[in-house]
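Asker: Protein chains in written order, with our numbering: chain A, 1 to 304; chain B, 1 to 567.
Since the hints were derived computationally from the structure, they do not count as laboratory data. Every value quoted in this text rests on a predicted model; they were computed, and no experiment measured them. Be aware that a few hints might be false.
To be verified - Capping the alpha-carbon separation at 27 Å, the derived lysine-lysine pairs in BS3-like fashion look like this: (1) Lys154/B with Lys567/B; (2) Lys500/B with Lys54/A; (3) Lys62/A with Lys369/B; (4) Lys54/A with Lys307/B; (5) Lys426/B with Lys92/A; (6) Lys31/B with Lys230/B; (7) Lys307/B with Lys388/B; (8) Lys392/B with Lys54/A; (9) Lys370/B with Lys524/B.
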Amino acid sequence: MTDAPAAPAPRPRSQSRAIWDQFRTHKGALFGLIVLCLLVLFVVIGPLVWQPEKLRVAEALKVRNLGPSWRFPLGTDQLGRDMLYRMMQAGKVSLAVGFIAMMIAIVVGTTIGVLAGYFRRLDGPLMRLTDMFLALPLVPLLLVLVMLFRDRIAGYLGPEMGAFVLIVFAIGITSWMQAARIVRGEVLALREREYVLAARSIGAAPRRIIFRHILPNVISPVMVAATLGVAEAIITESVLSFLGLGFPPDFPTWGRLLNDGLQYMQLYPERMLWPGLAISLTVLAVNYIGDGLRDALDPRIRGR
Amino acid sequence: MKLKTALLGAAAMAMTAPAAWAERGADGEVKLTFPQAVSILNPYLTDGTKDVLAAGFVIEPLASYDAEGNRVARLVTELPTVENGGISADLTSITWKLIPGLLWSDGTPVTAADVAFTAQYCMDPAGGCAQSAKFANIASVEAVDDLTAKVTFKGPQSNPFVAFVGGQTPILQKAQFEACLGAAAPTCTDQNSGPIGTGPFRVTGFTVNDTVQMEANPNYRDPAKPAFAKATIKGGGDAESSARAVMETGEFDYAWNTQIPPDSQAAMTAAGKGQFVVAFGTLVERIETNLTDPSPDLPEGERSTAKHPHPILTDVNVRLALSKAIDRNTLVEVGYGAGGQPTCNLVPAPAMFASDNTECLTQDLEGAKKLLEDTGWVDSDGDGIRDKDGKKLSLLYQTTVNPIRQDFQTLIKSWWNEIGVEVELKAIDPGVFFGGDAGSPDTFQKFYADVEMYANNFSGTDPEAYLAEHACDQAPSPENQWQGPNINRFCDPAYDALLKELTAATDPAKRAEIAIKLNDMLTKDSKVIIPLVHRGTLSAHSNALGGVAINAWDNEITNIADWYRVK
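The shape of chain A in the complex, shown without the other chains:
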């Protein structure tokens, strides 16, 4: 026996601490979180650290199609632009589009799902609305949206900000349906549970029941839907840019860089490799984080 002091009574753990502890045990999720943080740092801090020399057109054309070097760590493209800097700029847009569009989709989807699940009268109309959106062909709808509103929004916000707002909105508004259905299903089951019944019997208002008792319990499926949504939003943005309906052509996004690199695949494969790698890493990282979060947020799994 040692004379070590008796272990102090375990301090009660806060909920967020418990979630983090559980999250940490998921190696993939932890790794995903690190990769995502690095990517975010790369696009946010990167341009502050790495300032490429400002070249005039004539000078830039002399350094076309270069391989990696100290001057251009990722080489240059067919017009002599620094690929590293373009990757940073493009990443900023792609990540922003992915996350903001996902947030819109989740907010809209969760709201509709909760309303439909909790209030019986709203269930029919809201779910038919969801079905209608699901039945709409996504790309043509986006094309029409962009075609109709691009010029108008660009008039208020300028071409780049206008395109950003429109694309984020268009993607968000067309990808909330999965979340809505999942949430509705969960809510339908939850609202019959005893503790909800108890809350109702002591006269809690629906708003309070929803926020206090229902929403925390639907977070895990929502998280999974959200992570998948990020990946999908980044890819949808690439599709729009590819069709010429996304951002102006000189405004880089990862999807556009990938598309630009396509015709040089044989000669300069790295030009497709970097944006492709960035998109894949983001999607993979976000998916793993979602996986870890689901486990961490589920009280039944947590602590096992």
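Guided by the hints, dock chain B onto chain A, whose structure is given.
Answerer: For chain B alone, coordinates are given in the frame of chain A:
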């Protein structure tokens, strides 16, 4: 005696030596690859260049154009002219005399009745003939005798060489197509996929949208040709892979339409197995300026119409400065490589119609700045953008989605920024841009932008109709459902008057002079149109293939009979 025998022997050797390599069918098989597969072999039922090109191996017109744009006789003894009586003095008829003894590939003689029948076939209103425009001015085609066909027009024609000249209007065999007139035309599958012709090859097998197999025509008029016994055209793939199949793997001898980036061109040429060839026709990549105001603040129906002149582009100095700031050599180097050359002309070819206008070929950024400075366009509020009377030099620059065009946009934007012009870029799906839908705001005719970039050309060798597109009354507007070809809304009475002169002129030298003047009015003098690159069609052929003379004025391959294997 001995000497005589020896001499005779030597002479005989000399005679047979060239004949030995010029024997029909001695060189085996020639293989071609087209990125777009052939779907029909009757040019009267298709608009596809690939189909017309493949059909040209089998069926021939009376006359065609050579690589320089000159007309040459093919199935006739000589080209009709007014002097030799082939064209009537009042220009209302043209008479073609067939070569005597000419045979179809099935051994029957070619007669003037076949020519008359071909016209009847295409002019049948129920037939949906794709080339009917070429027969539009014809009143009748009759067979005067077995070898003489007379084409009578509805009125005087300054250019009577339209029907039966060039690969789009070859002669069909009456006996074969007799049952295919009118509505029956598309249903004659056997005939449409295996026409009997006078060309150097005849069809032996045709898989629609895949492969055409041909063998040398035993009745071809030159007994020594073609040098190849078989020809195969394989369709499918893309420009890159077809070029590779010729230039690197050597699977094919010839690849049609292989427009690939200059870097890839250089890498493939370096492999040493083949070479790229370019046919420079009349295709010019250009920037069109909008002389009317496209501002979205104007009510719909008045945007981009003559009611509202453009606030800045109506100033000729702005247009001149925009043109001066562009380095066309760099554009060619970045975008087209061997497939393009810098140009300052709207009509870059044929040589007799091309203006000697080269002032724009050297970039002059300082000159552009000075010009703007001198004419009052200065940066008065210090934001880096020039302005005058409260109007900013700010442009919306649109084009189609296409990697080369996006590179061009980026480069030109940087040059224009350097001279103090603000540029916003826009890229539109080509299907929409060229779609001509009057309801869409993004068509090139509607032109809801300040400048736009695309390529256009004219068919044949005479630019009259092409230049006439810029007459005042040709401007697209809501009244004509935005269908006019005068994209700039250019309107100059002097131009219209000169056009009338061109229509009236018949002397070729005079016509060329007027056409050059018209070209200069649009480009050199006013820069209403800012030409950038004269584009060719790029094809690739193996170094083992000889006799290739790529042609921009007719089918790209008009001399397949002269091709041979380099040994």
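Asker: Does each hint fit the structure? Answer for all of them.
Answerer: Each hint, compared with the structure:
no., hint, verdict
1, Lys154/B with Lys567/B, "violated (53 Å)"
2, Lys500/B with Lys54/A, "violated (53 Å)"
3, Lys62/A with Lys369/B, "holds (23 Å)"
4, Lys54/A with Lys307/B, "violated (43 Å)"
5, Lys426/B with Lys92/A, "holds (21 Å)"
6, Lys31/B with Lys230/B, "holds (8 Å)"
7, Lys307/B with Lys388/B, "holds (22 Å)"
8, Lys392/B with Lys54/A, "holds (25 Å)"
9, Lys370/B with Lys524/B, "holds (19 Å)"
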